[in-house]
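Here is how the chains run, residue by residue.
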Amino acid sequence: MTQTHSLIQGRPAQGLITIDTPVGHRLIGVKKKAAIQLMGSRLWGRFNPNHWDPVYATQTGLKAPIQTGEMSSAYIAEMCVNHFGANVFRNARIVCKYVASTLANEVITTHGVVSDKTPKGKGYRFKVDVWADNEAGDKKTVGWIEVDVGV
Amino acid sequence: MNTSTVRTDELMPMTEIQIQQVRDFVGTLDSKSQTYWDMVAIGDELARDLHITPELVILYADAVEDYNPWYEGWRMNTWKIEGESPFGPAIVPPLLASHFVLSVQFDHTKPFAIGSIHTFHDSELIEPIPVGATVRITTRAIDKFIKRERRYVRHEVHVTDVGDGRLYLRETRDILSL
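Note that the protein sequences, when read in sequence, are chains A and B. First residue of the first sequence: 1, per the numbering used here; consecutive thereafter. First residue of the second sequence: 152, per the numbering used here; consecutive thereafter.
Don't read these hints as lab results, they were simulated from the structure. Note that CB positions come from ideal geometry on N, CA and C, so glycine has one too. Hints are not guaranteed to be accurate.
The calculated BS3-like cross-link candidates involving lysine-lysine, where the alpha carbons are at most 27 Å apart (straight line), are [said to hold, decoys possible]:
id : chain 1 : residue 1 : chain 2 : residue 2
1  : A       : K63       : B       : K298
2  : A       : K122      : A       : K97
3  : A       : K97       : A       : K33
4  : A       : K139      : A       : K33
5  : A       : K31       : A       : K139
6  : B       : K298      : A       : K97
7  : B       : K231      : A       : K97
8  : A       : K139      : A       : K122
9  : B       : K298      : A       : K139
10 : A       : K127      : A       : K97
11 : A       : K63       : A       : K31
12 : A       : K117      : A       : K127
Counterexamples of contact, computed for chain A against chain B with all Cβ distances above 10 Å [as the list claims (entries may be wrong)]:
id : residue
13 : T18
14 : K32
15 : K117
16 : A136
What follows is a set of in silico ranges between Cβ atoms, one per label pair, in the way DEER data are often shown [what the hints assert, rightly or not]:
id : chain 1 : residue 1 : chain 2 : residue 2 : range
17 : B       : K298      : A       : T18       : 37 to 43 Å
18 : A       : S6        : B       : D175      : 50 to 56 Å
19 : B       : R317      : A       : P119      : 15 to 21 Å
20 : B       : T186      : A       : P119      : 45 to 51 Å
21 : A       : E135      : B       : Q172      : 28 to 34 Å
22 : B       : E206      : A       : G137      : 35 to 41 Å
23 : A       : P119      : B       : E196      : 36 to 42 Å
24 : B       : E161      : A       : V107      : 16 to 22 Å
In isolation and in its complexed conformation, chain A is listed as follows:
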């Protein structure tokens, strides 16, 4: 597939980050509520009652049903597409570790900070530390992403 530039359906094809974006730049994240109806949807967590049934979750030692970690990864990916646009879809790398459970009804916010830029071709390979936390600032998912910009 050939990549095009400018606005595509109102969204910047290359995102908001440019080759001039400095190390230390903070990405504006996305914010979501861990809604039980979404956590228990067939495509996400229905196969495992830990993701939606309070009784089963309690019996297995959880405080409440927990969101699948992959929902947090999807939130982080959404943030990265907002900032890096099409660059996320080719020669990129996303690493996520689920360090704590996201409980039903928690509000999750994603974050990102540019931690490194390595010259590559005509541009840079960016590295961004990413994480998702709850309203109290407790980290649920941590990781990083590498993306080529202007290469």
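Chain A is already provided as a structure; the job is to place chain B on it using the hints.
Relative to the frame of chain A, chain B by itself:
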């Protein structure tokens, strides 16, 4: 926590018939379950083909409330459309294929893997996946290890195009098992 005080309808409203349906479903899973650790041997390889239809993409994106129009090969009132993304037609969200790895590495012909939790993924996004593609997801168990008294199973994953063999995604992922 006292489990007897926890109600099925604690987090969303239900009638007694809905509650009974939930308890019946969960009971079915419990009676057939075993641990993932016992279910997987190093070297086990599984593969399945997934047709990524426009409707499947919408199902995935709606549940994580990601309304990026680049992913829309289906739209209410119009239904199937070609869509538009920086790569031409509509494309698949970056980690959609990664999400479906679970459906491959958890062998659907075996009992429910009780108490297993996905804890880590390292995903290389090689090429954008067009909406409508059929991909082959191949998983191979490469390690079983114990860390801080917890049992993990590690897989390597490849997602390729069934039509031309193109590599879309390469991944390493860990599952914590009871």
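Hint by hint, here is what the structure shows:
Between K63/A and K298/B the alpha-carbon distance is near 23 Å, which keeps this suggested pair within the 27 Å criterion. In summary, the hint linking K122/A to K97/A is not supported, as the alpha carbons are separated by about 32 Å, beyond the 27 Å threshold. Note on K97/A and K33/A: the hinted pairing holds, with a Cα-Cα distance of about 20 Å set against a maximum of 27 Å. Distance check on the hinted pair: K139/A and K33/A sit about 15 Å apart at the alpha-carbon level, within 27 Å; holds.
Distance hint between K31/A and K139/A is fulfilled; the C-alpha atoms sit about 14 Å from each other, no more than 27 Å. The hinted pair formed by K298/B and K97/A meets the criterion: a straight-line CA distance of about 15 Å does not exceed 27 Å. For the given pair, K231/B sits about 36 Å from K97/A by alpha-carbon distance, which is inconsistent with the 27 Å threshold. Taken as a hint, the K139/A and K122/A pair is broken in the structure, with Cα atoms around 35 Å apart against an allowance of 27 Å.
Between K298/B and K139/A the alpha-carbon distance is near 21 Å, which keeps this suggested pair within the 27 Å criterion. Only pairs whose Cα atoms come within 27 Å are accepted, and K127/A paired with K97/A is accepted, the gap being roughly 16 Å. Taking the CA atoms of K63/A and K31/A, the gap is near 22 Å; set against the 27 Å cutoff, the hint holds. With a C-alpha separation of about 6 Å, the suggested pairing of K117/A with K127/A holds against the 27 Å cut-off.
Every Cβ of chain B is farther than 10 Å from the Cβ of T18/A; the closest lies at roughly 16 Å, confirming the non-interface assignment. The non-interface label for K32/A is inconsistent with chain B: the shortest C-beta to C-beta separation is roughly 6 Å, within 10 Å. At the 10 Å boundary, the C-beta of K117/A stays outside the reach of chain B, the nearest C-beta of that chain being 19 Å off. Every Cβ of chain B is farther than 10 Å from the Cβ of A136/A; the closest lies at roughly 20 Å, confirming the non-interface assignment.
A C-beta distance of roughly 40 Å is found between K298/B and T18/A, which places it inside the suggested range of 37 to 43 Å. The given range of 50 to 56 Å is respected by S6/A and D175/B, whose C-beta atoms sit roughly 54 Å from each other. Between R317/B and P119/A the CB atoms are about 28 Å apart, so this pair departs from the stated range of 15 to 21 Å. Roughly 48 Å separates the CB atoms of T186/B and P119/A, a value that falls within the hinted 45 to 51 Å.
E135/A and Q172/B have their C-beta atoms about 33 Å apart, which keeps the hinted 28 to 34 Å range intact. With their beta carbons about 38 Å apart, E206/B and G137/A fall inside the hinted range of 35 to 41 Å. Distance hint for P119/A and E196/B: a CB-CB separation of about 39 Å, consistent with the stated range 36 to 42 Å. Checking the proposed 16 to 22 Å range against E161/B and V107/A shows it holds: the Cβ atoms sit about 19 Å from each other.
When each numbered hint is compared with the structure, violations occur for hints 2, 7, 8, 14, 19.
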